Amino acid sequence: MNMSGFERGMINPSAMISPNAVIGQNVTIGAHTIIYDNVHIGDNSIIGPHCILGEPAAEYYSQMDYQNPPLSISERAIIRSGSIIYSGSVIGPDFETGHRVCVREKTKIGKNCRIGTLSDIQGDCILGDYVRIHGNVQVGQKSKIGNFVWVYPYTVLTNDPYPPSNIIMGVEIGDYSVIATKSVLLPGIKIGKDSLVGAMSLVRHDVPDETVVIGNPAKNLGSIHHIFNTQPGMEGNQMYPWREHFERGMPWQGIGYQQWKLMLQKKDHNV
Amino acid sequence: MNMSGFERGMINPSAMISPNAVIGQNVTIGAHTIIYDNVHIGDNSIIGPHCILGEPAAEYYSQMDYQNPPLSISERAIIRSGSIIYSGSVIGPDFETGHRVCVREKTKIGKNCRIGTLSDIQGDCILGDYVRIHGNVQVGQKSKIGNFVWVYPYTVLTNDPYPPSNIIMGVEIGDYSVIATKSVLLPGIKIGKDSLVGAMSLVRHDVPDETVVIGNPAKNLGSIHHIFNTQPGMEGNQMYPWREHFERGMPWQGIGYQQWKLMLQKKDHNV
Amino acid sequence: MNMSGFERGMINPSAMISPNAVIGQNVTIGAHTIIYDNVHIGDNSIIGPHCILGEPAAEYYSQMDYQNPPLSISERAIIRSGSIIYSGSVIGPDFETGHRVCVREKTKIGKNCRIGTLSDIQGDCILGDYVRIHGNVQVGQKSKIGNFVWVYPYTVLTNDPYPPSNIIMGVEIGDYSVIATKSVLLPGIKIGKDSLVGAMSLVRHDVPDETVVIGNPAKNLGSIHHIFNTQPGMEGNQMYPWREHFERGMPWQGIGYQQWKLMLQKKDHNV
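Residue numbers (the numbering used here), protein chains in the order written: chain P, 1 to 271; chain C, 1 to 271; chain W, 1 to 271.
Worth flagging that the hints you see were computed from the coordinates, not collected in a lab.
Check each hint, because a few of them may be wrong.
Stated by the list, open to error - In silico lysine to any residue, SDA-like type, Cα no more than 20 Å apart, as pairs: (1) W/K267 x W/Y257; (2) P/K190 x W/T230; (3) C/K106 x C/K193; (4) C/K193 x C/I227; (5) C/K219 x W/K267; (6) P/K219 x C/I227.
Claimed, not checked - Covered, in the sense of this in silico footprint (three residues per stretch, anywhere, with C-beta under 8 Å from a C-beta of chain W), are these stretches of chain C: (7) 43-50; (8) 61-72; (9) 130-139; (10) 157-165.
What the hints assert, rightly or not - Part of the chain C face toward chain W, derived, beta carbon under 10 Å: (11) F6; (12) I11; (13) N12; (14) K111; (15) N147; (16) Y154; (17) G198; (18) N220; (19) G222; (20) H225; (21) H226; (22) R248; (23) W252; (24) W260; (25) H269.
Bear in mind the structure is a predicted one, so any value in this text is a computation, not a measurement.
Backbone N, C-alpha and C fix where the C-beta goes; we use that ideal spot for every residue, glycine too.
With the rest of the complex left out, here is chain P (with noise of 0.2 Å):
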């Protein structure tokens, strides 16, 4: 049986598709989603209902003879409802969404990003592959997010150091990172590779690689190395760096990472 009203390979009919937008194959659209001019969706993606995607940009509201950018959304896409994808954006494949994320123009996403419900990137960002944002996060504008980063519910990364001014400075976060529930990145703050900033942490300076830092204001804890389990049967385990003994929706499920590392150098040696 399949879900009334959310058929797969449906596009439902209060859906409203611009004509000079292009759907790829089987590709599932949920009821009242709205696609303006110039998106491109991937194939075999599925769209939940009261989404809008191809959103005009602010110069839509003042400019007579404005037109949507491109929005490239590649295959396999899961967009969840009430998702607001801007036009003027490029997304990887394998996207996934919770809902209500909103995702504004000049952004560029890698491939296997998931975004957590009510998260908002605010444009003009780059995300790398396989990161990982929770639910309202907040990713300011000119942020550079690497590969295989955390981003815990209710993050910000700031971008102005002076408010209000012209000045933006945006956040980098090095790959592997792992940012706690409700922390703030001040404007221009670069985070190193493989670091954890600690949930509720506001944090003023750089954080070097493999650096835990924690506290309003963050204070260098040391090395993430230093992590143990406590949990009862699990004492004594290195936590740190995650990619060491987390595998789930990441490329090296079920072989680790260390083993898909090798896979890896031996086929660009290969190459």
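We have chain P already, so just place chains C and W on it with the hints.
Same frame as chain P, now just chains C and W:
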């Protein structure tokens, strides 16, 4: 005069309702709302526009034979516009939400609960009776919230002690406790009964009954009985436990908590 | 070329508009938007899709003879998709919102105000002119915000000193003040004019004019005049009061604040 477009007891013609949903007597359903398979809505409920009830769980996207588990919403619900309630949950009578609330699967909600605008109950949670969750709260999976608990805006109940990991440790909050604005409760934390977590606290340790904690990290300030009103004309009044002086919407409204408790005890004794 | 589905000056046929609403000249209304009884929309406004204007107040759910009080939105509003504005408020000209903003009843908003995506004005509030509220801000009931005030993301203006209680003490913010990201202003707090609250502050005491506070709890750091730019090429520039160097979207754009103020004084003098 009745509201044009949201007439009581009417199902707006633009709503899309699965033939496999069961709608009670005298239910109002607003425009563009979607009700999927296997949703049961109790009598005299009012569902606002742009809602989705019976949202499919994650398995919908991977299993071709997916069927929606039942969602049961009891009588007299008021669900405001844009709210999304997943299939596979059970919600007691007199449930009320703000706008754009999200309640995910496998959640059990007692009677007379209210959840504010944009709050997100992330699934596999238990809420008691008369719980008041204000707006923008995130209740992580496996959370257990007692009866008469208040949770204020932007509070997060977390569950992963070493993000990202495969460990899920839900937070527990005891009856009558209050979590003030923008607090974070770390994974597995237990808050006792009648306790108070002050605004913007990061709670890292369990909180005993009748105890105030506040700060980042939270510190124990002692007994809730030592919090006195400083407002002119009310100086020196004990403000906690709040149930002794606050009645609005509570089952003891008009008679006071002590009288209500005596009546309950008498009733139990007679039965 | 015009945007297919969001043509300027057109009311999308899927919008539902009460016969008791008054729509001005050259108003654009997007798909699936609902406009209830007694809403007045000024000329040349653009209302995005999926909006609700004239949302009924709480009394709708309990009073069978409920009638919507008027909602007045002045000319040239830009209200982005998914926004909900309650009946019973008055909004000045050139109002602009992000997506999914919520403005509740009995609120008075001056001219040229902007409210960002997902922010929630909880009713019975006063906002002056040229107020800039970024995304995900929660403005509690009874708040009073002056002119030219900036409030950054995830900030909360609270109002209940002993939650839950029946006391409501709104926050007041003076002209030209700035509240940075993720701050909490406790109930009844008064922020003076030209002041600055730093990111992630918990403000427990009133803040005098021209004063910087920061921290959890917030500490007084002294005068705003001692904040100097540290960016290369701009070292030593005084950054506050911001009105001396920031002009975008302000009435002094192109002439500077001082010149604008002189013009105003001259105008007042002549009248």
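Hints, one by one, checked against the model:
1. W/K267 x W/Y257: holds (15 Å)
2. P/K190 x W/T230: At roughly 17 Å apart (the allowed maximum being 20 Å), W/T230 and P/K190 satisfy the hint.
3. C/K106 x C/K193: violated (25 Å)
4. C/K193 x C/I227: holds (16 Å)
5. C/K219 x W/K267: Violated - the C-alpha atoms of W/K267 and C/K219 are around 56 Å apart, more than 20 Å.
6. P/K219 x C/I227: violated (32 Å)
7. 43-50: holds (count 3)
8. 61-72: That given contact is violated, which follows from only 0 residues of the region 61-72 of chain C lying within Cβ reach (below 8 Å) of chain W.
9. 130-139: Held - the region 130-139 of chain C has 3 residues with a Cβ nearer than 8 Å to chain W, which meets the minimum of three.
10. 157-165: It is violated: at least three residues are needed, and the region 157-165 of chain C offers just 0 whose Cβ sits closer than 8 Å to chain W.
11. F6: holds (7 Å)
12. I11: violated (14 Å)
13. N12: holds (8 Å)
14. K111: The hint is violated - C/K111 has no Cβ within 10 Å of chain W, the shortest such distance being about 17 Å.
15. N147: violated (14 Å)
16. Y154: holds (6 Å)
17. G198: holds (9 Å)
18. N220: violated (17 Å)
19. G222: At about 16 Å, which exceeds the 10 Å cut-off, the nearest Cβ of chain W leaves the hint on C/G222 violated.
20. H225: With Cβ-Cβ at 13 Å, over 10 Å, it is violated.
21. H226: Violated. Min distance 13 Å.
22. R248: C/R248 check passes; min Cβ-Cβ to chain W is 7 Å, inside 10 Å.
23. W252: violated (13 Å)
24. W260: violated (16 Å)
25. H269: Since chain W brings no Cβ nearer than about 30 Å to C/H269, farther than 10 Å, the hint is violated.
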